[in-house]
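Asker: Residue numbers (this note's numbering), protein chains in the order written: chain V, 1 to 318; chain B, 1 to 227; chain S, 1 to 667.
Worth double-checking, as some hints may not be accurate.
Interface residues of chain B toward chain V, partial, derived using beta-carbon atoms under 7 angstroms [stated by the list, open to error]:
1) Leu14
2) Val15
3) Phe114
4) Leu120
Keep in mind that the hints were calculated from the coordinates and are not lab data.
Glycine is no exception: its CB is placed at the ideal position from the N, C-alpha and C atoms.
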Amino acid sequence: MNGTAWGLALLQALLYAALAPLLAGWVRKLKARLQNRRGAPLLQPYHNLYKLFSKEARMAHTASLLFRAAPYIVFVAVWLAASSIPLLTTGLPTAAIADVIVIAGLLALSRFFLALAAMDVGTAFGGMGASREMFVSALAEPAMLMAVFTLAMTAHSTNLASVVDYQLVTNQEVLRPSYLFALAGLVLVALAETGRIPVDNPSTHLELTMIHEAMILEYSGRHLALMEWSAQLKLMLYGTLLANVFFPWGIAQGTGLLALGQGLASVVVKLALLGAALAVCETVLAKMRLFRVPDFLNLALLLALLGLLSHVILEVGI
Amino acid sequence: MSLDPVPLLQQLMLVLAAAALFTSFVLLEQARLVSAIHAFAWQGVLVALVTLLVAISGGYTHLFFSATLTLCLKALLIPWMLHRLVRRLELDRHSEPLQRPALVTMAALALVLFSYWLVLPIVQQELMFTRNIVAVSLAIVLIGLLMMVARQQAVAQVLGFMSMENGLFLAAVSATGGMPLIVELGVAFDVLVAMVLFGVFFFQIRASIDTLDVDRMNRLTEQGDEP
Amino acid sequence: MTAALWSAGLATGLALLSSALSLLTARNPRSLRLLVMPVFGLAGLVALCAGLLALTQGGVATATLPLGLPWLPWRIRVDALSGLFLSVIGVVSLAVGIYGPGYVRSFERGRDSLPALGGFTGLFLTGMLLVVLADDAYLFMVAWELMSLSSYFLVVFHHDSAANRRAAFLYLLMAHIGGLAILLGFGVLASFGGDFTFTAMRSAELSLPWASVAFTLAFFGFGMKAGLVPLHAWLPEAHPAAPSHISALMSGVMLKVAVYGFIRVVFDLIGQSHWQWGVAVLAIGGVSALMGVLYALLQNDLKRLLAYSSVENLGIIFMGLGLAILFQASGHGTLGAVAFVAALYHTVNHALFKGLLFLGAGAILHSTNERDLERMGGLLRRMPWTGLFFLTGCISISALPPFNGFVSEWLTFQAALQAWQLDSGVLRSLVPVAAAMLALTGALASACFVKVFGVAFLGQARSRHVRRARPVPMSMRVGQGMLAVLCLLLGVLPTTFIGLLGGVTRQVLGQALPQATAHGWLWLTPIAPATASYGAPLVALALFTGLGIGLWVFGRGNRRVRRCDAWDCGFAPPAADMQYTATAFAQPIRRVFGLLFHIEETVTPQENGPPRYRLNVRDRAWGLFYLPVARTVERAARQVVRLQSGNVRIYLGWSLATLVLLLWIMA
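Can you make the complete structure from the sequences, with help from the hints?
Answerer: Below, the structure is given as structure tokens:
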């Protein structure tokens with residue numbers, strides 16, 4: 001592993017952290033435009049993060065050391081998971097840890113500590129947010145892993161770089177029913193896991209409608225900045241997963257400068273389109289009540305299962 | 001297990017067949033009657049498209065006619081008639097959620113697996129992948145029958161019956177390259193007549209027992225005939 | 001290898017010694033913690049060394065003991081498989097031996113019999129060691145009985161409570177039914193092998209129907225001991241009733257001895273593998289895993305919750321074993337080895353983290369005298385070290401990186417994902433569905449342990465005696481710490497441990513996993529690097545470095561954090577009873593999965609005061625399985641009662657008839 005490859009891996013990780021607020025700002029701006037407002041500037045999330053980092057952090061009397069350490073753990077886990085997904089190119093050394101199950105595990109780790117931090121303060125909000133978050137993620141997990149398995153059964157690997165390379169090689173097999181079903185299932189799971197409408201409202205402050213916001217209610221200052229940044233990173237993680245795994249055209253496979261530039265341009269375009277689709281979806285749909293979320297996630301599981309069944313029935317020769 | 005690179009047309013056929021299977025699941029789960037009719041219409045469209053693609057790739061000219069017939073009948077005429085019927089029966093806001101949805105969905109998935117296993121020994125025809133579409137169409141037939149078992153509303157039962165017919169048509173198209181035209185015309189008009197008769201009967205049933213719930217019809221035995 | 005055999009013998013001898021020494025505690029109560037427990041721990045240490053020696057050296061060593069019947073002496077044998085389980089028994093016993101002195105101190109002034117506690121603990125360990133060492137069915141069954149009986153006496157240690165007595169009786173009953181099934185299984189094998197020794201059974205040629213009979217009997221018997229659904233009813237009753245360090249031994253080690261028995265009989269002695277067996281084991285394992293974790297989520301008693309969680313983890317282990325049988329039967333030996341290694345790794349992991357969690361529950365019980373989650377809270381302040389170690393256990397059992405639970409779950413998923421190589425399309429769809437169920441189980445387990453840690457250790461204390469929890473003695477902290485460190489080690493260095501496990505797969509399945517560790521200690525590549533790889537040390541390093549940098553950049557010096565009140569919406573300050581309770585935390589899941597349980601929820605309004613809410617969750621297996629079986633047995637017994645006429649001459653008549661019949665058969 002030469003130095004430039006590792007340097008590029010580090011650059012990719014930094015690029016993730018740098019671009020995540022931009023994606024969140026883009027979605028917010030488009031939503032505002034769709035609602036006939038002008039909306040906050042595109043770079044507003046950066047201003048928010050900067051402001052929060054310079055503010056004082058405060059803790060409740062009842063909170064313990066875990067409350068203080070949790071934002072760092074959550075951020076590092078999500079960042080590590082995001083950095084391993086191929087963003088610009090698949091030829092990096094971090095591709096070796098880009099195993100989908102490892103990524104799911106790291107996201108589960110961040111969710112675990114987020115829920116614990118919510119319960120640490122000893123208020124009803126935290127408990128409610130933690131309970132709902134674990135409930136939604138418990139139902140989303142089988143759907144996500146089922147969709148991933150459908151991909152893995154086709155590409156014979158759970159390593160994301162291998163899956164993307166396989167996709168690029170068998171280029172003409174775009175219209176595969178299993179992929180389309182898995183894509184649909186993963187889109188629904190991504191909506192649930194990133195806390196977007198119709199599962200959770202990312203901009204609400206009413207306790208009866210919160211899941212993610214209820215968990216980070218007590219945080220302030222730099223802790224809150226890290227938590228918000230993790231949420232934006234998670235959105236970018238799912239976006240890149242959908243964009244680069246299901247529509248891999250444009251991603252580089254080596255480390256040449258031209259290829260990298262092409263990879264960057266294509267991923268920016270793909271993320272912009274996905275962000276636009278998310279903004280439209282959030283504007284058109286309404287948030288569901290909590291006990292309709294199982295139906296939503298059961299639909300995701302059904303789609304993923306149909307993807308697996310179509311792979312077994314329709315796609316394998318004999 | 002290696003996947004041979006399949007040309008674009010056949011890929012499209014596979015996608016459409018899988019989408020037709022998905023619509024039969026949607027038909028099974030859908031609580032609202034009007035949405036179920038729309039799902040059935042989409043299933044008709046998908047079946048017609050598959051027929052069209054088989055016609056193009058295999059060069060069967062009579063299948064073009066079948067595709068158009070299916071499209072007009074299954075995707076346009078019959079859903080329109082059902083919609084009109086539902087509006088006249090004042091059921092258009094009716095919604096009947098499935099009892100035990102988890103069990104019914106698992107049964108439907110088991111039926112899909114079962115039809116796949118059943119079709120395995122069938123000798124392949126000239127188009128290799130159509131053997132797999134036969135599995136999907138058999139699954140659509142079985143899920144249509146499951147829908148007739150699981151649902152209580154009479155109109156929903158009609159939809160299940162029609163979806164069974166869709167599945168049989170798809171099986172015929174994909175396995176043998178379509179039935180002879182006479183047979184298809186005959187079947188199509190039979191279905192149309194069945195629709196008209198259903199319309200007449202539903203009014204009669206509702207007039208006599210004041211509901212279209214199929215479970216209530218077991219009261220029409222010799223013991224008692226009051227609802 | 002003979003060194004391993006001698007060490008194992010020494011460990012057994014030390015266990016018996018600790019049992020004998022506990023007779024002294026009648027006169028001198030302090031000798032329980034000063035003499036008996038250290039000897040017990042030493043026995044565990046020697047067993048661990050014996051196991052590691054057996055794993056690293058390879059080969060087989062046997063010996064014949066001058067005990068048993070003249071024509072049927074007891075044989076013992078040490079090989080890689082028994083070495084692995086010796087290490088598992090040893091490490092948990094060592095931790096319990098270190099933890100014990102602090103814990104049993106509170107029993108010294110109690111009314112319960114101390115010699116019984118020490119004596120039966122030693123006998124329990126002896127029984128388990130002998131089961132793992134046995135090389136013939138006779139010694140195996142004697143040791144199995146010893147294990148069951150001594151654990152019965154330990155479960156009923158606090159015999160004042162009627163609930164404990166009932167739980168112990170149920171445990172004894174089911175242990176004996178299971179033992180009977182195992183004995184019958186050995187009978188089938190012995191009738192084909194001609195002898196009761198394992199060597200004879202191994203070389204026996206069984207026809208498929210008889211092999212299936214033997215398999216079913218062994219699965220029933222060992223599955224009942226391992227606590228698979230629906231034979232699990234004794235687990236959530238018996239494990240909470242016993243003292244906490246015994247619960248750690250029972251849940252952490254005894255269940256693993258049942259797994260050992262299953263592997264020994266099915267993989268080694270019967271030696272055949274058929275896909276129907278694999279599917280059956282996979283299905284029952286999957287159902288146990290899901291039902292176990294769902295029941296665990298609904299419990300408020302900490303130890304009962306941990307017991308149900310053991311049901312879940314044993315289900316996961318059997319899922320791995322089922323996959324191994326399935327792949328072996330289809331001719332994919334390497335994949336079978338991967339699934340087998342996943343199951344073995346999870347066995348070791350579960351022993352470690354479940355032992356740790358039960359020791360933690362014991363520490364909580366010792367400090368607060370409380371087992372009910374609804375009365376705990378805020379314990380992290382009073383017991384920081386216990387809290388840290390318990391958190392390690394919770395993270396490990398939720399299968400999160402970088403700890404050990406994640407490695408075994410990752411390996412199980414990788415094995416399940418190779419189902420595309422199977423020939424049958426039906427199996428190719430069912431195995432991923434089982435894997436999805438495993439994913440659901442993992443996510444629900446994570447939710448369960450967020451509930452446990454969040455309600456017990458975080459927030460505010462919900463009752464006065466919890467607010468004034470006593471500090472935890474040093475020995476208890478060290479015992480837990482040892483297991484926590486091992487959890488981290490097994491998570492960060494999986495390749496080393498899989499290298500150790502390679503000997504077991506080679507011996508049992510005839511297959512090794514060379515490429516698992518082929519890419520150095522850094523990468524775990526069970527099948528091929530392009531297929532899947534897990535760089536455990538890298539992930540752990542990245543996590544800890546990131547955490548360290550973050551805390552250093554932001555947390556040092558004058559970047560203080562000021563304390564303030566929690567947000568209260570402008571109303572009264574948040575009190576302890578405004579927090580989410582454990583029941584409330586599990587409510588969404590209870591509502592969605594409600595059909596699987598028998599739930600009775602009543603709200604009765606009172607005249608003066610708030611309305612009363614009562615929630616009762618019962619195991620459906622009681623109504624569907626146990627009560628009908630009990631009723632049938634009772635009815636059959638009533639029929640047999642007719643034989644009891646009370647007349648002496650009729651009894652003598654029965655004896656005469658039986659004697660004549662036997663003589664006629666023998667002739």
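Asker: Now look at each hint and say whether the structure bears it out.
Answerer: Results of checking the hints against the structure:
Taking 7 angstroms as the C-beta cut-off, the interface hint given for Leu14 (chain B) holds, the closest approach to chain V being about 5 angstroms. At its closest, the beta carbon of Val15 (chain B) sits 5 angstroms from a beta carbon of chain V; the interface hint therefore holds under the 7 angstroms criterion. Hint status for Phe114 (chain B) relative to chain V: violated, with the closest Cβ pair at about 11 angstroms, above 7 angstroms. At its closest, the beta carbon of Leu120 (chain B) sits 9 angstroms from a beta carbon of chain V; the interface hint therefore is violated under the 7 angstroms criterion.
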